[in-house]
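**Student:** Numbering of the sequence shown is given in the numbering used here, commencing with residue 1 and proceeding in unit increments.
The reader is advised that the hints may include incorrect statements.
Simulated restraints, written as ranges between beta carbons of each label pair [claimed, not checked]:
no.: 1; residue 1: G265; residue 2: N122; range: 48 to 58 Å
no.: 2; residue 1: E42; residue 2: E260; range: 39 to 49 Å
no.: 3; residue 1: T271; residue 2: A113; range: 33 to 43 Å
no.: 4; residue 1: K40; residue 2: I148; range: 26 to 36 Å
no.: 5; residue 1: S282; residue 2: T229; range: 41 to 51 Å
no.: 6; residue 1: S251; residue 2: L64; range: 19 to 29 Å
no.: 7; residue 1: E42; residue 2: L254; range: 39 to 49 Å
no.: 8; residue 1: G83; residue 2: S264; range: 41 to 51 Å
no.: 9; residue 1: E42; residue 2: N160; range: 20 to 30 Å
no.: 10; residue 1: S264; residue 2: N84; range: 39 to 49 Å
no.: 11; residue 1: G118; residue 2: P246; range: 20 to 30 Å
Quick caveat, the hints were computed from the structure, so don't treat them as lab data. Since we're looking at a predicted model, the values are computed, not measured. In this text, a Cβ means the ideal position worked out from N, Cα and C, and glycines have one as well.
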Amino acid sequence: MKNYTLYLLILCLAAIGCQKDIGEPDADLTTKKDKDCKCKKERYLPLVYKQRSDSISFYYKDDLGNLDRIIWGRDEWRFTYNGNKEVDNIKYYFINQLYAEYRFSYSNKKACAFTEIGYVGNYVVDYKIKRQNGRLSEIYIKYDHNGIFNDTAWFHYDANNVLDRYFVGGRNNYDKARLIFSFTTNANKYWANDIKSKELLFLTGVRDTPWIFSVENDITNLFISDHRTTEPESIGESYHNTIYNPSGYPSYFLKKIVYESDISGTREYSTDVNITYKKVNSNH
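Please put together the full structure from these sequences, using the hints given.
**Tutor:** Have a look at this one:
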């Protein structure tokens, strides 16, 4: 009877994923979990984002989504990491000339501040990041270029805690903002969802027009209202005929762009976008 009970116990333990073997040391258990645990996270790391006129290529340091560099035509972003495996700085090059550098500070493993140094134009911009429940809430921006100028970016989330708009300037008055971004998303994955420094790349362009956004869900419509010049303009992007892979990441879509301004009128443009991924599984 005792042997039969032990046999049942062994069967129960064998049925539990990532189980601890009887008498197995903790150090060996950790190694076993790393190798055999079925709880590994599946990631789709974008390798090439190809549109009609050009393409963006992504190169990684590892399978966790930590970037090494990005090449987009003659533009290049290079990443350097600190001892905590956080991005210490991002350097932006144009035709191999260093144009700008972004240096980051962290609190609780999230970026809390960063400095943008412009080597072409000789300017410095300091950013302080405020979060609420871990999400971006406000960013205080201080420009130092032929004098000091302050600005703020505000972020708004819908009832499901999904970012649906953010705006820069206007003293927290949406109608008076100088730059407004609004989003419509769906339940699928954003193409850059698994890039680990996706938020940092977004932050480097937050006071202008980012080319990558800090969202998790796939963007179906994007509207930009730009009042920074004497010729205000709006840009609308919509995504059609999207093909998703079995895990919900877009591999193809038709991007339509509409530019409108009082002076230049309306211009329309469309391009096919194809995205190639590297599928990986890792424990972290």
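**Student:** Run through the hints listed earlier and report the numbers of any the structure violates, in increasing order.
**Tutor:** 1, 4, 7, 11
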